[in-house]
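For the record, in the sequence shown the residue sitting at position 65 is 406 according to the working numbering, with numbers rising by one throughout.
Heads up, some of the hints might be wrong.
As the list claims (entries may be wrong) - Below are the DSS-like pairs computed for lysine-lysine, each with C-alpha atoms no more than 27 Å apart in a straight line:
(1) K451 to K487
(2) K451 to K477
(3) K477 to K409
(4) K430 to K477
(5) K430 to K487
(6) K459 to K477
(7) K487 to K477
(8) K459 to K409
Source of the hints: derived by calculation from the structure; they are not laboratory data. Please read all numbers here as calculations on a predicted model, not as lab measurements.
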Amino acid sequence: MATPTPNRLYQYSVVTSLMEGICSQGIGLPDVLSRGDYGIGTVSGLDGEVMIVDGEAYVYCFDGHSRKVSPTDTIPFIQMTQFQPTLIKRLPSLQMGSISDTLSPIIQPKQNCFLSVKVDAVLDHIVFRVVPRQSKPRERLLELAKRQQLREFSDIKGTLFGFRSPSFTNGFSVAGFHLHFVSDCRTIGGHVLDFDASQVHLEAAVISEYVVHLPETGEFHEEPIGDVDVHGIHAVEGFSKHN
């Protein structure tokens, strides 16, 4: 299998379709892993937050359990890249509120590009969430987010990975920083809302090539997908001034 092009963002489906609950059909893990070695997404029915690290895929579920993503799992949304950092920093500390300023040397010259971000650190404090699985077809993500589980941990080692998307891509992607977390033991993880880290190893890369694979499934084309619900996306993804 050919190695994917470094620092190209491959995306299957669009965030707006997830907002509308279109998430029962998708692609399989072998296809996903052919696109890169790092990524974030979800599995069918929104049954957990997916984190892919070094080509290993994990899913973190609402009830607190975790598992490896199976080759038979259906993945209705994923963002993947062959991560090759162009910026590497060691920092004494980093917070969700300071990550944008810290990365400004590569954000500002390419502010309308994507950015992939990886943080290996001790999380002095981290808050993340996992939404429950859909209880009925087409249940909207905004409804599920009302029942989400918030989890907080202190003094835990792990990795944050995700992307910064430019504002004009909102609806296709999530504008701003969208990060997932996985602990070093790989048993704890989710969608990051806030963090305060120490002993930080920060890596990032500018992404100027963005490939979107629109699903060919019957579910995706059953009816027109509506306009972008910016406020809904911000509410679901925990958008704040940090972005």
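Okay, the hints, checked on the actual structure:
no., hint, in the structure
1, K451 to K487, "violated, 35 Å"
2, K451 to K477, "violated, 42 Å"
3, K477 to K409, "holds, 25 Å"
4, K430 to K477, "violated, 45 Å"
5, K430 to K487, "violated, 37 Å"
6, K459 to K477, "violated, 35 Å"
7, K487 to K477, "holds, 15 Å"
8, K459 to K409, "holds, 20 Å"
Checked against the numbered hints above, the structure breaks hints 1, 2, 4, 5 and 6 and satisfies the rest.
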